[in-house]
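J.: Here is what each chain is made of, one letter per residue.
Protein chains: 2
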Amino acid sequence: MIEAMNKLIALDRERTLLSHIGALLGWDQETYLPEAGLDERAEHLALMEGLAHEKAVKPEIGELLATLEGEKDLSTQEKAYLRVSRREYNKETKLPASLVSEMARQTSLSQAAWVQAKKNNDFKCFAPHLSTMIKLNLEKASALNPDAPCYDVLLDLYEIGSKEKAIAEVFAVMKRDLVEILEAIRSRPQSNDSFLRRRVSAAAQSKMSEYFMAAVGFDKRRGRLDTAAHPFTTTLGGDDIRITTRYVEDYFPSSVFSTIHEAGHAMYEMGLDVGPDFSGTRLADAASMAIHESQSRMWENIIGRSLQFWKAHYGKTVPMAEGSLDGVELEDFYKGVNRVEASLIRTESDEVSYGLHVILRFELESALIKGSLAVKDLPAAWNDAMRQTLGVEVPDDRRGCLQDIHWSMGSFGYFPSYALGNLYAAQFWAAMKEQIPTLEGSIAAGDCSPALDWLKDKVHREAAALLPSELVQKATGSSLDPSHFTAYLRKKYSAIYGF
Amino acid sequence: MIEAMNKLIALDRERTLLSHIGALLGWDQETYLPEAGLDERAEHLALMEGLAHEKAVKPEIGELLATLEGEKDLSTQEKAYLRVSRREYNKETKLPASLVSEMARQTSLSQAAWVQAKKNNDFKCFAPHLSTMIKLNLEKASALNPDAPCYDVLLDLYEIGSKEKAIAEVFAVMKRDLVEILEAIRSRPQSNDSFLRRRVSAAAQSKMSEYFMAAVGFDKRRGRLDTAAHPFTTTLGGDDIRITTRYVEDYFPSSVFSTIHEAGHAMYEMGLDVGPDFSGTRLADAASMAIHESQSRMWENIIGRSLQFWKAHYGKTVPMAEGSLDGVELEDFYKGVNRVEASLIRTESDEVSYGLHVILRFELESALIKGSLAVKDLPAAWNDAMRQTLGVEVPDDRRGCLQDIHWSMGSFGYFPSYALGNLYAAQFWAAMKEQIPTLEGSIAAGDCSPALDWLKDKVHREAAALLPSELVQKATGSSLDPSHFTAYLRKKYSAIYGF
Numbered sequence: 064m065i066e067a068m069n070k071l072i073a074l075d076r077e078r079t080l081l082s083h084i085g086a087l088l089g090w091d092q093e094t095y096l097p098e099a100g101l102d103e104r105a106e107h108l109a110l111m112e113g114l115a116h117e118k119a120v121k122p123e124i125g126e127l128l129a130t131l132e133g134e135k136d137l138s139t140q141e142k143a144y145l146r147v148s149r150r151e152y153n154k155e156t157k158l159p160a161s162l163v164s165e166m167a168r169q170t171s172l173s174q175a176a177w178v179q180a181k182k183n184n185d186f187k188c189f190a191p192h193l194s195t196m197i198k199l200n201l202e203k204a205s206a207l208n209p210d211a212p213c214y215d216v217l218l219d220l221y222e223i224g225s226k227e228k229a230i231a232e233v234f235a236v237m238k239r240d241l242v243e244i245l246e247a248i249r250s251r252p253q254s255n256d257s258f259l260r261r262r263v264s265a266a267a268q269s270k271m272s273e274y275f276m277a278a279v280g281f282d283k284r285r286g287r288l289d290t291a292a293h294p295f296t297t298t299l300g301g302d303d304i305r306i307t308t309r310y311v312e313d314y315f316p317s318s319v320f321s322t323i324h325e326a327g328h329a330m331y332e333m334g335l336d337v338g339p340d341f342s343g344t345r346l347a348d349a350a351s352m353a354i355h356e357s358q359s360r361m362w363e364n365i366i367g368r369s370l371q372f373w374k375a376h377y378g379k380t381v382p383m384a385e386g387s388l389d390g391v392e393l394e395d396f397y398k399g400v401n402r403v404e405a406s407l408i409r410t411e412s413d414e415v416s417y418g419l420h421v422i423l424r425f426e427l428e429s430a431l432i433k434g435s436l437a438v439k440d441l442p443a444a445w446n447d448a449m450r451q452t453l454g455v456e457v458p459d460d461r462r463g464c465l466q467d468i469h470w471s472m473g474s475f476g477y478f479p480s481y482a483l484g485n486l487y488a489a490q491f492w493a494a495m496k497e498q499i500p501t502l503e504g505s506i507a508a509g510d511c512s513p514a515l516d517w518l519k520d521k522v523h524r525e526a527a528a529l530l531p532s533e534l535v536q537k538a539t540g541s542s543l544d545p546s547h548f549t550a551y552l553r554k555k556y557s558a559i560y561g562f
Numbered sequence: 064m065i066e067a068m069n070k071l072i073a074l075d076r077e078r079t080l081l082s083h084i085g086a087l088l089g090w091d092q093e094t095y096l097p098e099a100g101l102d103e104r105a106e107h108l109a110l111m112e113g114l115a116h117e118k119a120v121k122p123e124i125g126e127l128l129a130t131l132e133g134e135k136d137l138s139t140q141e142k143a144y145l146r147v148s149r150r151e152y153n154k155e156t157k158l159p160a161s162l163v164s165e166m167a168r169q170t171s172l173s174q175a176a177w178v179q180a181k182k183n184n185d186f187k188c189f190a191p192h193l194s195t196m197i198k199l200n201l202e203k204a205s206a207l208n209p210d211a212p213c214y215d216v217l218l219d220l221y222e223i224g225s226k227e228k229a230i231a232e233v234f235a236v237m238k239r240d241l242v243e244i245l246e247a248i249r250s251r252p253q254s255n256d257s258f259l260r261r262r263v264s265a266a267a268q269s270k271m272s273e274y275f276m277a278a279v280g281f282d283k284r285r286g287r288l289d290t291a292a293h294p295f296t297t298t299l300g301g302d303d304i305r306i307t308t309r310y311v312e313d314y315f316p317s318s319v320f321s322t323i324h325e326a327g328h329a330m331y332e333m334g335l336d337v338g339p340d341f342s343g344t345r346l347a348d349a350a351s352m353a354i355h356e357s358q359s360r361m362w363e364n365i366i367g368r369s370l371q372f373w374k375a376h377y378g379k380t381v382p383m384a385e386g387s388l389d390g391v392e393l394e395d396f397y398k399g400v401n402r403v404e405a406s407l408i409r410t411e412s413d414e415v416s417y418g419l420h421v422i423l424r425f426e427l428e429s430a431l432i433k434g435s436l437a438v439k440d441l442p443a444a445w446n447d448a449m450r451q452t453l454g455v456e457v458p459d460d461r462r463g464c465l466q467d468i469h470w471s472m473g474s475f476g477y478f479p480s481y482a483l484g485n486l487y488a489a490q491f492w493a494a495m496k497e498q499i500p501t502l503e504g505s506i507a508a509g510d511c512s513p514a515l516d517w518l519k520d521k522v523h524r525e526a527a528a529l530l531p532s533e534l535v536q537k538a539t540g541s542s543l544d545p546s547h548f549t550a551y552l553r554k555k556y557s558a559i560y561g562f
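These protein sequence lines map, in sequence, to chains A and B. Its first residue numbered 64, the first sequence is counted upward by one per residue in this note's numbering. Its first residue numbered 64, the second sequence is counted upward by one per residue in this note's numbering.
To be clear, the hints were calculated from the coordinates, so they are not data collected in a lab. For clarity, every value in this text was computed on a predicted model and none was experimentally measured. Where hints are given, some of them may not hold.
Given that identical chains are not distinguished, each listed pair holds provided it fits within a single copy or across any two copies.
Unchecked claim - Dumping the calculated DMTMM-like pairs for lysine to aspartate or glutamate here, alpha-carbon to alpha-carbon at most 25 Å: (1) K519 to D102; (2) K157 to E392; (3) K270 to E385; (4) K182 to E98; (5) K142 to E385; (6) K118 to E106; (7) K270 to E93; (8) K554 to E385; (9) K519 to E103; (10) K270 to D289; (11) K379 to D256; (12) K121 to E106; (13) K283 to D102; (14) K118 to E103; (15) K157 to D185; (16) K519 to E98; (17) K121 to E103; (18) K70 to E227; (19) K70 to E103; (20) K554 to D447.
Given only the sequences and the hints, what does the whole structure look like? Please build it.
T.: What follows is the structure, given as structure tokens:
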């Protein structure tokens with residue numbers, strides 16, 4: 064038994080090494096790759112993906128799993144490891160090779176078409192590709208689990224164990240509350256944030272980013288910051304987790320908060336410490352996309368945009384901002400970086416309206432997958448939903464249903480994770496505050512370590528051993544409850560906007 | 064036949080992709096890897112090396128080679144490809160796995176012991192490891208070719224087709240001439256180079272390096288410059304060749320010339336253009352270590368330290384040098400960067416004495432391999448040779464026989480390449496000047512492209528198709544002749560030192 068377990072772990076670790084090497088190839092592509100190196104890099108990535116897949120689907124793994132699953136004398140950790148391994152092995156082996164290669168081919172065509180369609184504001188050109196991606200996702204879902212509703216199977220790929228019905232119930236409450244808060248804010252005078260548009264050089268912003276990484280507790284021995292067109296976090300090794308940011312010279316908060324956001328993701332990856340027996344295995348993976356997002360949102364928004372946090376750091380920020388914050392009071396800065404205003408683009412939206420952008424996508428993609436919404440009707444449905452929930456008129460598809468890359472990549476079921484992340488974060492935050500009465504005082508004194516330590520202990524080190532629903536129950540004592548998030552928003556924004 | 068050739072090429076290309084991925088792992092380790100990521104990186108490298116080796120020794124390759132070698136209807140390029148492939152396949156398959164793994168193990172121990180020995184100036188602690196490395200190299204040589212003298216077999220690993228006897232003859236002439244030139248310089252007043260020791264910031268030196276890369280013709284679309292503790296060039300893809308440099312703040316010429324040196328290596332790699340049929344195969348490799356070195360030395364020394372070159376670029380350099388060159392005349396700058404002075408350390412030595420450092424190592428390593436010099440007697444032999452050829456007293460082994468890493472890594476037969484590189488470069492230069500009468504005028508006008516074009520045409524695009532001896536014959540019309548190098552030195556340094 065011990066021998067079979069060791070064999071399984073060794074195979075798993077080799078697969079992890081290959082995937083870390085793949086991550087280096089990807090990181091380098093986004094940061095330093097010379098222009099002409101791109102074509103061959105695609106071959107490197109395909110080769111490594113192929114090697115990692117070969118390792119992941121070895122029949123030997125299936126045999127080892129079958130043997131070990133029959134064992135009775137297993138520790139809790141061993142059981143969890145077998146559960147995770149079985150799940151991933153099934154996922155990797157159940158898809159027919161023909162479907163996998165057809166998806167790869169169509170995804171590449173679809174993404175290229177989306178880039179053009181977005182550029183030319185031409186939904187019609189993208190529509191046939193979107194139909195193909197939906198069709199392939201239906202095939203994928205029934206290959207993975209022919210007995211479950213397709214959208215549930217797709218959701219499960221990102222938020223393990225989740226079902227559309229449960230998410231829809233949670234989102235209904237959330238939607239109602241967010242619309243209400245947004246309306247309350249609309250009735251009040253808007254905050255001024257013009258001082259945030261003053262020029263701050265990339266060099267100064269880079270110093271700020273390094274400062275804030277350290278401030279939230281990012282371990283620079285185990286990672287680093289570089290620049291990329293789109294900020295991301297990537298794991299190149301158990302002790303090598305890298306983040307990127309970008310410097311917008313006429314809006315420096317963009318880099319500050321994206322750095323803190325990515326640092327939140329990275330600190331989660333750094334905290335996936337399952338001990339030496341299972342390090343480097345699938346057990347040391349994240350619990351889910353939404354739990355990952357809860358960590359980035361916790362640091363970016365709940366802590367990073369709090370008044371306490373800026374009480375500690377505003378005095379250090381002003382001298383780094385090349386004069387752009389001279390004469391700006393802490394209170395005004397705080398209100399400026401928390402300005403709420405319904406707008407067109409999800410990725411640029413504020414903490415309140417963000418959730419509504421996501422719910423809209425959840426509702427539309429679920430309808431697309433079920434067939435109750437035809438691809439050709441997507442733009443009109445999108446624009447209607449934007450008008451109804453956010454009160455915003457969509458001027459063109461480029462800033463409407465063509466704005467996100469996800470569907471063009473065939474990622475259906477992914478969007479809900481973003482909003483679930485906010486809900487988990489707020490629920491963790493409520494539990495953390497209750498358990499550590501001095502928490503906000505520490506943050507205001509410049510010490511974020513009590514928050515990080517709590518997250519490490521209650522969330523990070525559980526890694527993939529628990530389902531997201533089990534994790535939130537264990538860490539907070541109750542199941543997912545969206546009221547923590549809306550209560551948090553109500554308290555924060557009623558103080559800012561005075562409603 | 065076509066099918067067998069295509070199959071061989073496909074296998075070869077996959078091996079190349081793996082080796083390029085390994086190169087990225089190595090590049091990243093020297094440039095950006097976070098401190099704590101080092102341990103896992105060693106595992107990544109070992110894994111990729113294993114995979115590349117697996118690909119390289121596939122019995123299928125042996126079968127394909129045997130089939131194709133029996134064919135009569137082969138093009139010149141196909142014949143060359145089979146020759147190169149056979150040579151590499153034999154090299155990779157002839158070593159018993161037990162010897163390969165023992166060498167890997169002992170090399171790692173030996174290198175660690177060398178680091179300590181150098182630090183503590185303690186040759187005795189390193190001596191047993193050096194004996195082991197010699198013993199393993201003897202085993203390696205007889206596994207590769209039991210019928211040839213061991214040192215010839217080792218030389219052949221770096222300078223294909225070379226023999227100790229021929230090198231010794233060439234080096235004898237070179238040694239006599241270098242000693243003579245060095246003595247002539249010693250009899251004359253020394254140049255002043257104190258202005259080169261003035262502080263220039265790393266940021267300013269980085270701008271200079273980018274300027275000089277472009278000036279010599281480095282294509283930044285196909286490569287980039289970063290910083291590392293020890294400058295190097297590495298090929299991460301056919302169109303992704305990267306160089307590194309380091310910034311010594313109180314001696315900026317160090318980065319300028321190391322950047323030009325590495326750019327010379329990189330431009331060679333960029334020029335290994337064997338056409339689409341054999342791109343990405345072993346035919347697109349360098350001809351040899353010494354040919355590689357001839358390209359870096361050509362750009363660093365023959366062109367990069369020439370008066371013509373600085374006529375074009377000194378005016379642009381002064382404003383980049385943060386005031387350190389204000390009031391310094393071109394002539395004095397030129398003499399400063401060409402100051403000759405026998406000294407202890409090979410890597411810091413000038414163009415004239417460099418060859419003597421290498422010849423000394425050649426003579427000693429050949430004696431060590433033959434057993435005519437005992438390991439315990441190495442320090443004394445080293446110090447005697449330094450006294451006799453360079454007129455320098457060695458104060459300790461750290462600055463004597465422990466200075467270089469090569470022997471600790473088991474690289475015997477490598478050193479001669481460095482000096483052969485100088486000889487090839489000077490011979491190429493003489494031919495180039497004869498064929499392009501306007502060459503030096505172009506360089507003085509800031510246009511290095513005639514030189515680069517000549518090198519691309521006569522040297523680079525031959526890639527691995529010719530042996531170094533064939534390449535020099537074809538490019539220059541005669542076999543290797545050390546008198547080009549010493550004539551070049553005599554002309555240059557008699558003008559500088561007035562002898």
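J.: For every hint, state whether the structure bears it out.
T.: Results of checking the hints against the structure:
Proximity of K519 and D102 under a CA criterion of 25 Å is satisfied inter-copy only: 23 Å between copies versus 40 Å inside one chain copy. Taking the shortest alpha-carbon separations for K157 and E392, neither the intra-copy value of 58 Å nor the inter-copy value of 74 Å comes in at or below 25 Å. For a Cα distance limit of 25 Å, the shortest separation of K270 from E385 qualifies both inside one copy, at 11 Å, and across copies, at 24 Å. Proximity of K182 to E98 under the C-alpha cut-off of 25 Å is restricted to the intra-copy arrangement: shortest distance 21 Å within a copy versus 42 Å between copies.
Taking CA atoms no more than 25 Å apart as the test, K142 paired with E385 passes in neither setting, with 55 Å inside one copy and 65 Å between copies. Taking CA atoms no more than 25 Å apart as the test, K118 paired with E106 passes in both settings, with 18 Å inside one copy and 16 Å between copies. Taking CA atoms no more than 25 Å apart as the test, K270 paired with E93 passes in both settings, with 21 Å inside one copy and 23 Å between copies. For a Cα distance limit of 25 Å, the shortest separation of K554 from E385 qualifies neither inside one copy, at 33 Å, nor across copies, at 56 Å.
Within a single copy, K519 and E103 get their C-alpha atoms only as close as 39 Å, which misses the 25 Å cut-off; across copies the closest is 22 Å, which meets it. In this assembly of identical chains, K270 and D289 lie within 25 Å of each other by CA distance both inside one copy and across copies; the values are 12 Å within and 20 Å between. For the identical chains of this complex, K379 and D256 are intra-copy neighbours only, at 19 Å inside a copy versus 44 Å across copies, given an alpha-carbon limit of 25 Å. Taking CA atoms no more than 25 Å apart as the test, K121 paired with E106 passes in both settings, with 23 Å inside one copy and 21 Å between copies.
In this assembly of identical chains, the alpha carbons of K283 and D102 lie at most 25 Å apart only when taken from different copies (16 Å versus 32 Å within one copy). For the identical chains of this complex, K118 and E103 are neighbours both inside a copy (23 Å) and across copies (19 Å), given an alpha-carbon limit of 25 Å. Taking the shortest Cα distances, K157 and D185 never come within 25 Å of each other, neither inside one copy (36 Å) nor across copies (61 Å). In this assembly of identical chains, the alpha carbons of K519 and E98 lie at most 25 Å apart only when taken from different copies (22 Å versus 39 Å within one copy).
When the C-alpha separation of K121 and E103 is checked against a cutoff of 25 Å, the pair qualifies only between copies, where the shortest distance is 24 Å, while the shortest distance within a copy is 27 Å. In the homo-oligomer, the alpha carbons of K70 and E227 never lie at most 25 Å apart, since the shortest distance is 37 Å inside one protomer and 50 Å across protomers. Taking the shortest Cα distances, K70 and E103 sit within 25 Å of each other only across copies (19 Å), while inside one copy they are farther apart (34 Å). Taking CA atoms no more than 25 Å apart as the test, K554 paired with D447 passes in neither setting, with 30 Å inside one copy and 83 Å between copies.
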